[in-house]
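Just so you know, the sequences run in chain order A and B.
Okay, so the first sequence: first residue is 1 according to my numbering, each after it adds one.
Okay, so the second sequence: first residue is 1 according to my numbering, each after it adds one.
Each hint should be verified, as a subset may be incorrect.
Keeping only pairs whose Cα atoms sit at most 20 Å apart, straight-line, the calculated SDA-like set for lysine to any residue is [as the list claims (entries may be wrong)]:
{"hint": "1", "chain 1": "B", "residue 1": "K243", "chain 2": "A", "residue 2": "E367"}
{"hint": "2", "chain 1": "A", "residue 1": "K81", "chain 2": "B", "residue 2": "K243"}
{"hint": "3", "chain 1": "B", "residue 1": "K243", "chain 2": "A", "residue 2": "V85"}
{"hint": "4", "chain 1": "A", "residue 1": "K205", "chain 2": "B", "residue 2": "P241"}
{"hint": "5", "chain 1": "B", "residue 1": "K243", "chain 2": "A", "residue 2": "D210"}
{"hint": "6", "chain 1": "B", "residue 1": "K243", "chain 2": "A", "residue 2": "A119"}
{"hint": "7", "chain 1": "B", "residue 1": "K243", "chain 2": "A", "residue 2": "G52"}
{"hint": "8", "chain 1": "B", "residue 1": "K243", "chain 2": "A", "residue 2": "L185"}
{"hint": "9", "chain 1": "B", "residue 1": "K243", "chain 2": "A", "residue 2": "P227"}
{"hint": "10", "chain 1": "A", "residue 1": "K81", "chain 2": "B", "residue 2": "G171"}
{"hint": "11", "chain 1": "A", "residue 1": "K81", "chain 2": "B", "residue 2": "G242"}
In case anyone wonders, no lab produced these hints; they're calculated from the structure.
Quick caveat, the model's predicted, so the values are computed rather than measured.
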Amino acid sequence: MDLYEHQGKELFAAAGIPVPRGIVAVGPQGAREATEQLGGRSVVKAQVQAGGRGKGGGVVVADSPEEAEAAAARMLAEGFKGLPVTRVLVEERVPIAREFYAAFLLDRSTGRYLGMVAAEGGVDVEELARTRPEALRRVHVDPMLGLRDYHVRRLVGHLPAEAREGAAEVVRRLHAVLVERDAMLVEVNPLVLLEDGGVVALDAKVTIDDNALGRQPELERLRAAFPIDPVEARAKEAGLQYVKLEGEVGIIGNGAGLVMSTLDVVQRAGARPANFLDIGGGASAEVMATALEVVLSDPSVRAVLVNVFGGITRCDLVARGILSALERVEARVPLVVRLDGTNAAEGRRILEEAGHPRVVPAATMLEAAERAAELARAGVGGER
Amino acid sequence: MAVLVDRTTRVVVQGITGREGTFHSLRNRAYGTQVVAGVTPGKAGRDVEGIPVFDTVVDAVLETGADTSLIFVPARFAPEAILEAADAGLRLAVCITEGIPVHDMARVASYLRGTAMRLVGPNCPGVISPGQANVGIIPGEICAPGRVGLVSRSGTLTYQIVHELTQRGIGQSTCIGMGGDPVHGIGFVEALELFEADADTDLVVLIGEIGGDDEERAASFIAERVTKPVVGYIAGFTAPPGKRMGHAGAIVTGSSGTAQAKAEALEAVGVPVGRTPTEVAELVRERMS
Chain A
1 MDLYEHQGKE LFAAAGIPVP RGIVAVGPQG AREATEQLGG RSVVKAQVQA GGRGKGGGVV
61 VADSPEEAEA AAARMLAEGF KGLPVTRVLV EERVPIAREF YAAFLLDRST GRYLGMVAAE
121 GGVDVEELAR TRPEALRRVH VDPMLGLRDY HVRRLVGHLP AEAREGAAEV VRRLHAVLVE
181 RDAMLVEVNP LVLLEDGGVV ALDAKVTIDD NALGRQPELE RLRAAFPIDP VEARAKEAGL
241 QYVKLEGEVG IIGNGAGLVM STLDVVQRAG ARPANFLDIG GGASAEVMAT ALEVVLSDPS
301 VRAVLVNVFG GITRCDLVAR GILSALERVE ARVPLVVRLD GTNAAEGRRI LEEAGHPRVV
361 PAATMLEAAE RAAELARAGV GGER
Chain B
1 MAVLVDRTTR VVVQGITGRE GTFHSLRNRA YGTQVVAGVT PGKAGRDVEG IPVFDTVVDA
61 VLETGADTSL IFVPARFAPE AILEAADAGL RLAVCITEGI PVHDMARVAS YLRGTAMRLV
121 GPNCPGVISP GQANVGIIPG EICAPGRVGL VSRSGTLTYQ IVHELTQRGI GQSTCIGMGG
181 DPVHGIGFVE ALELFEADAD TDLVVLIGEI GGDDEERAAS FIAERVTKPV VGYIAGFTAP
241 PGKRMGHAGA IVTGSSGTAQ AKAEALEAVG VPVGRTPTEV AELVRERMS
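This is chain A alone, in the form it adopts within the complex (with noise of 0.2 Å):
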């Protein structure tokens, strides 16, 4: 889960790290009046779960109240790269001295923590570490150990010797984060020194782990600020998981490897994937049923390709789900249907008993993908 820039520097303040006066506005009328607050002038940042901003509008330095108001009406009307804007961040301005770059994560490679710091900031700091891989300092904690005093030095030695302690501090805190909040990433871009020798965290990137967000119910909480699609509410309700994509084949599988492949070979058969959805292991009529209204609610939707190898799952009760499904949603569209494994004869019977007009049956994932695709095409160019 990603956060908000603000959430992210709500627990970096809470962790002691220092970051500037802010506050968060809903509206153009809330950014001019904390302007106002702030002393007349300040920075609007677009609050979205993407990166890019500085470069895409998404943060404007305003002169005055008027300013801050126009450029978080801007913001609130136009959302950013696609995502809508809900609300904006309104910032004191600070003097800058000097710009770095400081993160902590959690390394899948090594299983290992990952400290790195470079000497200068609002860098993307995965070209930084091809181009001039001398720029940016890394070292690795073991999770067992944790952070030690020689780790911190080497982050920071780089550093002028009037940020060191500031940063060395910052590292800490951060890494703090990292390991108490049950974060995959704590990312700060840029970390700045002032003018007066204080080290601030001008920006937050914070990931938390989303198998962890049960022991960390205040963090779950936080999720109520998304903007929510209101299918991928429904999924998630269900248990499924479900993400929207730009197509047209609507896709439907068991397990999270077997669903990517599945829409890999959609493409490949010259269509669109609509969506991946996984109905997970040992998926029961009800949560089969479930995932077809989930899917046929897309109106992009132009045919449906059910993929499943049953494991745990049975294919008799994926049919029975198919079917009581459609009793409850009118298939605008044809169901493609490929089922194997576990029960298979059994489920390919029950559906060529009940003779679903709707319903395609197909031998292999191939060439239900197939019929799949050449369907969709013919239902853009036929429906509407």
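Add chain B to chain A, keeping to what the hints say.
Chain B in isolation, oriented as in the chain A frame:
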């Protein structure tokens, strides 16, 4: 011979009295696996259709000579179950459990580096050596004994590819589901090392997906150390960046972890990468005939 598990493997199931634990213990025993013990704290002295239940893994080892654990306990308790298995001196633990917080797994992985135990998983379908032993939840009936080794980050996608191999008369030495979590036990590199050394494996199928750099590291290892032919598959060419595709580890972050980059890394070291599961099976058939 196979790798990791075979007919001599003696399995203790941690969480045997739970619904999944019981179901798969019995299914694995019916497959021919030696399921010799179960562990559920507080339920020592009972049995699950003849399989004795103990309070601790050490008790199970002392009484039954178990050497491998299969773990079904819930995510909150699974990290401790893995540590308990390691401290009991087992040589292998296979953790099926999904949803373990990644920081917990990082600490467990750190501890395991100092022990002799290998871990498969978590969030994985387990390991099967067809005709010998099934330690996990892979449906035994889709597999056939043979000489292809298979290692995968996915569950049902593995079944799909195994199924296509078996349908073409191509059997498997061992299938390893290494799991879909960001921090996990055995990876592609360790699996390739095992298959390279296994006299009963002639070819390895490597099934990857978006996220992380396991496939890229596998490619380097193949270039340096693997002499047997390898055939690859990568799922997630159509996955948009920044969206988690089901598995906790299946996410393209920035420009890294894309299916394209992974396929190119493998192809650059001479590993053909099938673009569909069917193509993978065909590539294997061409090389096994």
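Inset, instruction - Would you mind confirming whether the straight-line C-alpha gap from K81 of chain A to G171 of chain B stays at or under 20 Å? - result: It is violated: about 49 Å lies between the C-alpha atoms, which goes past 20 Å.
Legend entry - Pair hint K243 of chain B and L185 of chain A, alpha-carbon separation not exceeding 20 Å: 15 Å, holds
Legend entry - Proposed proximity, P227 of chain A with K243 of chain B (alpha carbon, max 20 Å): 15 Å, holds
Inset, instruction - Measure nothing beyond the straight line between the CA atoms of K243 of chain B and E367 of chain A; if it is 20 Å or shorter, mark the hint as holding. - result: 28 Å, violated
Legend entry - Pairwise hint evaluation, A119 of chain A against K243 of chain B, where the allowed Cα distance is 20 Å at most: Cα-Cα ~31 Å, so violated.
Legend entry - Given hint G242 of chain B paired with K81 of chain A - CA-CA distance at most 20 Å: Cα-Cα ~13 Å, so holds.
Legend entry - Restraint status (C-alpha distance of K205 of chain A to P241 of chain B at most 20 Å): Roughly 17 Å between the alpha carbons, so the hint for K205 of chain A and P241 of chain B holds.
Inset, instruction - Would you mind confirming whether the straight-line C-alpha gap from K243 of chain B to V85 of chain A stays at or under 20 Å? - result: The given pair, whose Cα atoms are some 19 Å apart, holds under the 20 Å limit.
Inset, instruction - Take the C-alpha atoms of K243 of chain B and G52 of chain A, compute the straight-line distance between them, and say whether it is at most 20 Å. - result: 17 Å, holds
Inset, instruction - Take the C-alpha atoms of K81 of chain A and K243 of chain B, compute the straight-line distance between them, and say whether it is at most 20 Å. - result: 15 Å, holds
Inset, instruction - Starting from K243 of chain B, check that the Cα of D210 of chain A is at most 20 Å away, please. - result: 13 Å, holds
Hints 1, 6, 10 from the earlier list are contradicted by this structure; the remaining hints agree with it.
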